[in-house]
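S.K.: Here are the chains, one letter per residue:
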Amino acid sequence: MTGADQAIGGDLGQRAGQATASCVVNGVETVLEGGLAEPATGFLRRLGLYGVRETCSLGVCGTCTILLDGEPVSACILPLYALDGREVRTVEGLESEGQLSTLQRQFICSQAFQCSFCTPGFLLSAQALLDATEGPLTDEQVVEGLQGHLCRCGCYESVKEAVRAVAARRQESDADGAQPTTGPQDAGRAAP
Amino acid sequence: MTGKPDDGRTSVAVAAGAAVGQSVDVLEARSRVDGTIDFALNAEIPHMTHARLARSPYAHARILSIDVSAAEKLPGVVAVLTAADFERPDAPARHHGPVVRDQPVVCGTKVRFAGDPVAAVAAETEEIAAAALGLIEVVYDELPKVTTVEEALAGGAPLVHDRPPEARDRGYSDIKLAGAGGNICTRFQLRRGDVEAALAEAEVVVDRTYFSPAVQHVTMEPHVVLATYDGRKRELTVLSSTQGPFAVRDALSEMFGLPSSAVRVVVPPLGGGYGAKTYAKYEPITAALAWKAGRPVKLVLPRDEEFISITKHEATIRMRTGATRDGRLVARDVEVFFNGGAYADISPRLIKNGGYSCVGPYDIPHVRVDSYAVYTNLPPAGAYRGYGVSQAAWAYEQQMDELAELLGMDPVELRKRNLLTKGQDFATGETMHEAHWHQLLDKAAAAVEWSPDSKAARSAEGRLSGKGVAVILKSTITPSTAHAAVRLDADGAMQVFTSAVEMGQGAHTVLAQLAADAVGIPVERVHVTTPDTWYTPYDQTTSSSRTTRAMGGAVTKAARVVRERLRHLASELLEADSGDLVVADGLVSVAGVPSRSLSVAEVCYRTRTGSISGDGEVVTSGGLDPETGQGVASDHWHQGAASAEVEIDPATGKVYVRKLYAVAHAGRVINPKLARLQMHGSALFGMSHALYEELIYDNGVLTNPNLSEYSIVAMGDLPARLEVELLEEPGEAQIHGLGETVLPPVIAALGNAVANAAGVRVRRLPMTPERVLDAMEGT
Numbered sequence: 001m002t003g004a005d006q007a008i009g010g011d012l013g014q015r016a017g018q019a020t021a022s023c024v025v026n027g028v029e030t031v032l033e034g035g036l037a038e039p040a041t042g043f044l045r046r047l048g049l050y051g052v053r054e055t056c057s058l059g060v061c062g063t064c065t066i067l068l069d070g071e072p073v074s075a076c077i078l079p080l081y082a083l084d085g086r087e088v089r090t091v092e093g094l095e096s097e098g099q100l101s102t103l104q105r106q107f108i109c110s111q112a113f114q115c116s117f118c119t120p121g122f123l124l125s126a127q128a129l130l131d132a133t134e135g136p137l138t139d140e141q142v143v144e145g146l147q148g149h150l151c152r153c154g155c156y157e158s159v160k161e162a163v164r165a166v167a168a169r170r171q172e173s174d175a176d177g178a179q180p181t182t183g184p185q186d187a188g189r190a191a192p
Numbered sequence: 001m002t003g004k005p006d007d008g009r010t011s012v013a014v015a016a017g018a019a020v021g022q023s024v025d026v027l028e029a030r031s032r033v034d035g036t037i038d039f040a041l042n043a044e045i046p047h048m049t050h051a052r053l054a055r056s057p058y059a060h061a062r063i064l065s066i067d068v069s070a071a072e073k074l075p076g077v078v079a080v081l082t083a084a085d086f087e088r089p090d091a092p093a094r095h096h097g098p099v100v101r102d103q104p105v106v107c108g109t110k111v112r113f114a115g116d117p118v119a120a121v122a123a124e125t126e127e128i129a130a131a132a133l134g135l136i137e138v139v140y141d142e143l144p145k146v147t148t149v150e151e152a153l154a155g156g157a158p159l160v161h162d163r164p165p166e167a168r169d170r171g172y173s174d175i176k177l178a179g180a181g182g183n184i185c186t187r188f189q190l191r192r193g194d195v196e197a198a199l200a201e202a203e204v205v206v207d208r209t210y211f212s213p214a215v216q217h218v219t220m221e222p223h224v225v226l227a228t229y230d231g232r233k234r235e236l237t238v239l240s241s242t243q244g245p246f247a248v249r250d251a252l253s254e255m256f257g258l259p260s261s262a263v264r265v266v267v268p269p270l271g272g273g274y275g276a277k278t279y280a281k282y283e284p285i286t287a288a289l290a291w292k293a294g295r296p297v298k299l300v301l302p303r304d305e306e307f308i309s310i311t312k313h314e315a316t317i318r319m320r321t322g323a324t325r326d327g328r329l330v331a332r333d334v335e336v337f338f339n340g341g342a343y344a345d346i347s348p349r350l351i352k353n354g355g356y357s358c359v360g361p362y363d364i365p366h367v368r369v370d371s372y373a374v375y376t377n378l379p380p381a382g383a384y385r386g387y388g389v390s391q392a393a394w395a396y397e398q399q400m401d402e403l404a405e406l407l408g409m410d411p412v413e414l415r416k417r418n419l420l421t422k423g424q425d426f427a428t429g430e431t432m433h434e435a436h437w438h439q440l441l442d443k444a445a446a447a448v449e450w451s452p453d454s455k456a457a458r459s460a461e462g463r464l465s466g467k468g469v470a471v472i473l474k475s476t477i478t479p480s481t482a483h484a485a486v487r488l489d490a491d492g493a494m495q496v497f498t499s500a501v502e503m504g505q506g507a508h509t510v511l512a513q514l515a516a517d518a519v520g521i522p523v524e525r526v527h528v529t530t531p532d533t534w535y536t537p538y539d540q541t542t543s544s545s546r547t548t549r550a551m552g553g554a555v556t557k558a559a560r561v562v563r564e565r566l567r568h569l570a571s572e573l574l575e576a577d578s579g580d581l582v583v584a585d586g587l588v589s590v591a592g593v594p595s596r597s598l599s600v601a602e603v604c605y606r607t608r609t610g611s612i613s614g615d616g617e618v619v620t621s622g623g624l625d626p627e628t629g630q631g632v633a634s635d636h637w638h639q640g641a642a643s644a645e646v647e648i649d650p651a652t653g654k655v656y657v658r659k660l661y662a663v664a665h666a667g668r669v670i671n672p673k674l675a676r677l678q679m680h681g682s683a684l685f686g687m688s689h690a691l692y693e694e695l696i697y698d699n700g701v702l703t704n705p706n707l708s709e710y711s712i713v714a715m716g717d718l719p720a721r722l723e724v725e726l727l728e729e730p731g732e733a734q735i736h737g738l739g740e741t742v743l744p745p746v747i748a749a750l751g752n753a754v755a756n757a758a759g760v761r762v763r764r765l766p767m768t769p770e771r772v773l774d775a776m777e778g779t
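Same order as they appear, the protein sequences are chains V and F.
Residue numbers for the first sequence, in the working numbering: 1 to 192.
Residue numbers for the second sequence, in the working numbering: 1 to 779.
What the hints contain is simulated information worked out from the structure, not anything from laboratory work.
Just so you know, not all the hints are guaranteed correct.
When the alpha-carbon atoms are kept at most 25 Å apart in a straight line, the in silico DMTMM-like pairs for lysine to aspartate or glutamate are as follows [unchecked claim]: (1) F:Lys659 to V:Asp139; (2) F:Lys422 to F:Glu732; (3) F:Lys654 to V:Glu144.
Which chain F residues stay away from chain V? Per the calculated CB distances, all over 10 Å, these [stated by the list, open to error]: (4) Asp25; (5) Ala91; (6) Glu221; (7) Ala404; (8) Pro452; (9) Lys654.
Note that CB positions come from ideal geometry on N, CA and C, so glycine has one too.
Bound-form chain F, shown alone (with noise of 0.2 Å):
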């Protein structure tokens, strides 16, 4: 289906089954509404203390001293962590990052945002803990600060970090680190052809900036880490809530010098994720703690710190299209601009998927693609839901609509004449294996009853309404690397052991469908282990909708191994060659002879077999040339599009969502029921970005850190219609993760939803009430 060789390590086709495109109930349905499900927040051991941070005030400042002494004589207290202590020959690393090794466990020479932590407590109760930080004394010579891009790259700004930061000794394959300098953390670019010219010959160009601002993932739950350090054994057992069990594994193996098996990384469900939870965040640090104390600590992160953890990058995106009168793109051009915040975390990846995606779905013969991660003095950004598409495509969809208005074309037509179609090739020189795009449109065109003469009309009550469309392409990690192990155990039962976490999207409940299937076995006898890297086989990250395929993959593998060997067991019992034996219902049987079958349990007892094992592996290629973009930047491209109808009160500017709807394509469904409802949060997550969510500094500081001031989308703002829908294929079919796609298409559809019923265009997220009447006013 791919188009690609199968050398035994490429994703699988399933078809719907037994327990496959059904709607089974989430493993752990029980424990979800009784209150007993196990989250890292319940976790408690003997002698376990409790963690606070101390924290800068300051965005930008030199600390000239740290006295904690009054801190440690608090009774209560059990260690305080500064960086002197990192001056011990056993010390562990004192800077850590997924990519380049920027980011302080605790700061040193200097404070680069407004809530770095400059010391760590460990106390008897969190009470303590908190009464302790009010005793540390740091001094500190407040610096010149950039917290804009603008400031951040005008000549002469003050560095956030004054030597370039080093690169990671160990990292990954497809990030090659460009064109730092400055506060340029890393570039990325693509070029196609020659923009420069195509632009000069096209007879219309429309030239426009896009802003997304910085937002936060709020998780209901926080981030939380139990982290415990045995001097004696050298071993680190950290209990956390992340996303990336192996990642954290190998950030605290490096930083404290301890081989892999050293360090073991559990990880119970989580109360949310959406990419706040990729890479090590506070592990480095509670770790850290609890290498100084003795004991283990337990850190759970307060909310307000919670919103100065990690963000999802600011962006400032100029984009130029040029196109001739019929509506055929000739060229684009683009700057973007990630702010990304005082460390680098992700942010060299997810600029340069937020780089290429600024394409779009479309045939671009000429394209040029600057892209930055600046550093700034902010909290730094990271992984978020979307994954830098979101920013690419408010900017690319919106530009969309007005070049369609000024060659006076209907925007639906003007898409339609230059979507990317099956085999085609993409900007960065790959060919497009799949394209769904026409279909996807035209539904959500349809879902919205969208015309060519669709106009803005006036309610009886006075309001504007409009409509929108949008339809984005979105990739997932490449290359990336899945390993799972399943074990049928003699009376029938089985366990899947993956590395996958369960944060809520249902994973380990979809993991359990493809293998009982793949085995023939009922669902309800399988089990899915919690990700402990001691025991459970390496998985990249929980993240990137690449679960249900790249793991599920590798478990129908591993599974399929497993029915190979049960169907050799029985052959010799049934007197049949294993080809003709079929397992389902936990029954081996001769193929057309029901009568001639024995049941799993009765195959193990009778050939003394205590388990079946099996493994299975999904591990993809690519990578992109750091100076063109040329290469493969995804294995496989999620497709969605997303259609918008609103209406506008014209004297306060409030756009009340009337129908959202959202289409995905999908391959094969696992479970109906949570795709469902990763399409309903990814709508809700993109209308919440569209109409509410902003993270405001001042001089730096955070002004809104809670849930009061800072707003997410309730149940009484949902839109009056919200619809979903996934695009299935018969038969065997691939796998699509529908973890994000449909989020960066929703907002983009409610810009230009808005746009046509203001008559006026929105450039900057969020479209509050304020913005809205601006604009309009404006005219």
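Bound conformation, chain V alone (with noise of 0.2 Å):
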């Protein structure tokens, strides 16, 4: 902690005399609770948020990625005043009516992760890619897109195809209505 966030540091909900600091996650109006400090990661797990994972503390893994007004940010170095009256969005927030969303879908159709400990934040930075741009994306935009998530288990491949077929499928009508596709899973087999 530097000096400067315990100058302002302290508990939010102790700040006599000042409106209550608040977020929107997930659709939800939330009253941001503990330390102002503290990296966003704590408070939204406390919300039972678990797909909001750190695993690198310092930023640099993508893990533990939110969606803040849209835009991809690593919440283990987002000290929790940062979201006051902005609106956040976490892997829970990506399904609609308890039904996964395309990409979320396209994942699992394209077994885009293994132990699937990063598995959030590749999907929250794609759908940010996606809501960014329209039509196809090439190879080289979903790793400039993506490239600051690390992946262990080295899903990166099926990441790429999951992302791009779904980019793909958007520009034939609706994209919600679209069907996951199967990759090239059954490739590269032969009988000896």
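Need the complex rebuilt from these two chains, each delivered in its own frame; the hints are there to steer you.
M.R.: Here it is as structure tokens:
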């Protein structure tokens, strides 16, 4: 904790005379509770959003990524006060009415994860990339959008495949109705 | 298929079916993409406290005093554990270890690596526990240290362990300790033929030394343990992110002097393992702290402490290989030094595997291998995806290329003249019942359009390009034991009871596929339990690429028992011999008369059956003599090959991977899309080790314990082309694990490709731009 953090630190709930700090988490107005300078990860996990996971604690691995007003940021180095008045989206907010998003369904089909500890971060940055672009994406565009995410299991090829499959389909009419496609998983099998 | 008699305990051959061989989505897929998967990290129970560990800043020091009184007084601190607590008559043992009980739970008289725990704090919050660490006063008297193998083996070197550590009472039958003394923890040797005479007569001899650094597993999820000790019942419950539920149970039961039934280990899905979570790691200290605190304790290891928790062994391998002019290998003499760090962990087994693996998949008549686990004042080294074979293959597959160069021979051709074939004996004296190396090597060579005159070239941008191949063998833990149970319920749903750990590899999904087909019900009706040592049958560990074959075999046998009982129950109802009944898609039918059929639910209802249970096991045997290395090293052999095309920027030394290809013998693939990912993961691990990863110590203190200064492969580093392939067999075939097979050859293939491009060889990993440039400038 730096000196500056300590100066503005303290308990948000105990700041007398001030309106309660709050943000919108996955569409729900939520009061910020906790130390002002504490990382946002702890607050979000206390809300039961276990898809927010810390790995490097330095903001370099992408695992704890959340969308802040639609932009991917590392929650592990984001002080809680930075959420005030903002809109936060975590992986739990990707589905709607109990239905997984097209991207989530494609991640399953393309098997774009193994241990899946890092998956929420990949999904959120990929969603931000899809939201910011139109039409199909090249390999390079996906890499640029997801370069800040580490996956130790090494599922990068499947992640690229999943994101590109969703991007490719969105130009064919309505993306939400699109069905996930199976990948080249049966390729590369040979009989001796 | 294995050429061994079926004693009812051997693995099984399976054919593709309704579920087996299909790219079934993983059972828990939804929870993996919606954030709800229940990692140990999420665990919370009433009255839970939070732990942090106080660690030594010195690599080697005597502890003169520890004062924890100020820490204990900090509001919110519940308990502080030190070595003094273990003086109590009811205290657990203060040392543990899977083979040698040399690792203190908390250090008493001295610390042996920078990071060795000296105290543990339990507090109401993690922040309070962290603050309490600063109040613990330890006075150290720094001692001379050894951090390299060379220092550790020098005459008069300081001893990491003043007295020879005590072996565990009930160890593993394949590990026979030999040769301990000084800083040598244990030795393994292999003797075949007369190496000295053969080398003296050899027409060509290559003698080189190859180095692999210590690297870390970097599981995205850290080690997490939640321990509860009930002093009245004398019961210990531990939820842990471990790959070895029963290994942890046994370690804790020995440490606390409790019967195994009083220790319960529960294992949720893991956020990656790669060997880092095999055997007890942080369970002993968390459990001891819970014992002291009288309240549940949860430890979530911070990332910087992950880097000093356990590592892949640094290895220095001196290898001499002799051959005839026409490229027949005649002898190989190898000295392997594994830097084991401060504690043995599983080094005594790993140095054995890393020792005999230096022979490679080759027929060499005269072999001598001396492999050592050496104690140093570094963090302990242990199991790591590849298990000693990465280091061995880095040496022998580069040496094959160096030998080829000396002989003026195509390196692929040199390999083909010496690869083991079916029915030949390996250097351990065991017969190779399966040998696919010729085909694997051919495929790897073809994938990079290898030709005998494959020579380095210069690209349009002035980059140097080159190609390399490598082929390897890898053993699996032998002997090993897997048990499973299956219960078909009256509604036609099925439970698989297994202690196989789901760590992202898809173990539970492939077990469900195997169980579904073995009974004849849809895979959607199968549920797989999480390991819980109170309820799920024994399994040795989820490691060594053994789960799909060993546990898969046990589950298949258990499910076949269930199918037989189901057919027996249905035979009277369907008025047919049970032998004439088939079970498919949840229906029991008379063969050839589909109209005469009953659902599983109807059979159970009409026979008043509540559930149908069965169990199964796969138990393998083997082991090696520690003096001669003769015997059975492996129940079966993992076989793989890789090839690479690289470009090197001659101005910077940076290596660009244009193509990476990896191929493994799979026998029967259970789930193609999961199998493919295991291959991708292994290949990228290999590439990461080849080019980026190294733990760097200064005075025994790790200087890069974070993901900013310790690089692992990211999406932007991917090879321009990454291709993987699996060799399958028709009909019923044995299952071969794929978790590690292509990791070692990828490292070596990249080494050979870099040497081919640069015209000089970098024998020290990782092949950083600096090292490549230095090597090129040295010529």
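S.K.: So, for every hint listed, does it hold in this structure?
M.R.: Now the hints, each set against the structure:
1. For the hint pairing Lys659 (chain F) with Asp139 (chain V), the CA-to-CA distance comes to about 16 Å; that is within 25 Å, so the pair holds.
2. Between the alpha carbons of Lys422 (chain F) and Glu732 (chain F) the distance comes to roughly 19 Å, so the proposed pair stays at or under 25 Å and holds.
3. Using a Cα cut-off of 25 Å, the hinted pair Lys654 (chain F) and Glu144 (chain V) holds, with the two alpha carbons roughly 20 Å apart.
4. Listed as outside the interface, Asp25 (chain F) is inconsistent with that label: its C-beta sits roughly 5 Å from the nearest C-beta of chain V, within the 10 Å cut-off.
5. In this structure Ala91 (chain F) is separated from chain V by more than 10 Å, as the shortest Cβ-Cβ distance comes to about 34 Å.
6. Distance check on Glu221 (chain F): its Cβ comes as close as 5 Å (rounded) to a Cβ of chain V, failing to clear the 10 Å threshold; non-interface status is violated.
7. A cut-off of 10 Å between C-beta atoms confirms that Ala404 (chain F) is not in contact with chain V; the least separation is 26 Å.
8. The Cβ of Pro452 (chain F) sits about 24 Å from the closest Cβ of chain V, beyond the 10 Å cut-off, so the non-interface label holds.
9. Look at Lys654 (chain F): its CB is around 17 Å from the nearest CB on chain V, clear of 10 Å, so calling it non-interface holds up.
In summary, the structure is inconsistent with hints 4, 6 from the numbered list given earlier, while agreeing with the others.
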